[in-house]
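Residue numbers (my numbering), protein chains in the order written: chain A, 1 to 116; chain B, 1 to 326.
Derived contacts from chain A toward chain B, CB cut-off under 10 Å, selection only:
1) L4
2) V11
3) I18
4) A22
5) L33
6) T49
7) G55
8) G62
9) S70
10) I85
11) A89
12) L90
13) V96
14) E109
What the simulated footprint calls covered on chain B by chain A, stretch by stretch (three residues with Cβ under 8 Å from a Cβ of chain A suffice, anywhere in the stretch; the number is not a length):
15) 28-41
16) 122-131
17) 212-225
Selected chain B positions facing chain A (Cβ under 10 Å, derived; list incomplete):
18) E56
19) L67
20) V138
21) A141
Think of the hints as simulated: they come from the structure by calculation, not from any bench. Glycine included, C-beta positions come from ideal geometry on N, C-alpha and C.
Below, each chain spelled out in residue letters.
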Amino acid sequence: MELLGLYHYWVFAVLLMIGFYAVVAKLNLIKKLIGLSLFQAAVFLLYITMGKVSGGTAPIVGGGTEVFSSPLPQVLILTAIVVGISTTALGLGLVVRIREEYGSIEEDEIQALDEP
Amino acid sequence: MTTLFGIFLLTLLLITAVAIVRSRNLFISVTLMAIASLLIAANFFLLDAADVALTEAAIGAGISTVLFLGALFLTSEQERSATSRRLLSFAVVAAAALIVIYATFDKPRFGDPQAPVQVHISPWYIEQTRELIEIPNVVTAVLASFRGYDTLGELIVVFTAGIGVLLLFSSGTPSADNRLLFSRLNLGLRRYLIPRVVGRLLVPFILLLGFYVQFHGEYGPGGGFQAGAIIAAAFILYALVEGERRALRVIPQRALLAMMAGGTILYGAVGVAGILLGGRFLDYSVLAADPVQGQQIGILLIEIAVGITVTGVLLSIFHAFAARGR
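Let the hints inform the model, and build the full structure from the sequences given.
Spelled out as structure tokens, the structure:
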């Protein structure tokens, strides 16, 4: 039971690295962005996990309970999710433009095209 | 019981993540991403983060999937090249994962009430929200009032990303086969009975939920970021069902641009109004005779500003992708 208390953090570590693997090992640019999204999701999970307190509820006052999970990580992640989708969209826009100019979204093919 | 359910969801999430990376078909990867997002959102809910769960469900499972599918549409669905230096990458990643796991042994256990995050600053925010702002949702109070500077900064990042996407797509010419594909997309799903009926039924209710989430954000889970995402999702659904052109007739491109800029300006204007009325930047207490009421008015205005900008940016990005083939 003692170790079970760390399971959430282990999931964070593994998810983070699954995402990172896609970023470094995959050559497809969209796959890299998918990996980046997973990486990002893992960080979100870490923050929200840290804010949880056992026996607590969502930080909305007035439900009769007095134990609240920490609101601060929630605020940070709430805005981070919206910022995340905006930056992902920018990345996808870049990929679409690359495809239009090079006709490919595979990193090795693009690099081969760039060499004179 | 809840903990066990959480562990079950997290395990499913890991399995999904492995499948996402392993799949060679990007369409499958993107669809699985939507499932992963939903699992994450369910997990947020179990972890008492109702606001965040709402945002993740609307953005991760909804809008993000549509954008990725749009990008796949404009590029290709199949991943071609092999993985580069697979063994080396795997070794590096595995070693890093082990280091992070080793570091977690020093972390406070899950749900520990004595963890620094619980005892350091959180009680102060909860206490001060009751005293100074008097709205039930502490997350909204911290987001819009105590940390209003951060939120302004983040809104500007969202705005900038939206401008960036529009700028990227303003140059170059879309390829010919894209144009062909999109002439079909412009019809939307009108030809198909079930998507048409279900879509038309759902859009008004999603909009209603969006406005509820916007204006109820001080009392329950909700606020501008979530509402913006939900309202944008409603219009995107409308565009998918009725075709992109009809959706643009409801909110034209110019209106979207005005929303993007207008929301950000409104946010800044509320801040400046604080200075003009004798307070500091983003100090809402001076907006009304009663400081508490001033805070509440300020938060309401800020949330509206955020909602307008987020809706405008997300819809602009969607239309930028969708219009690429016209």
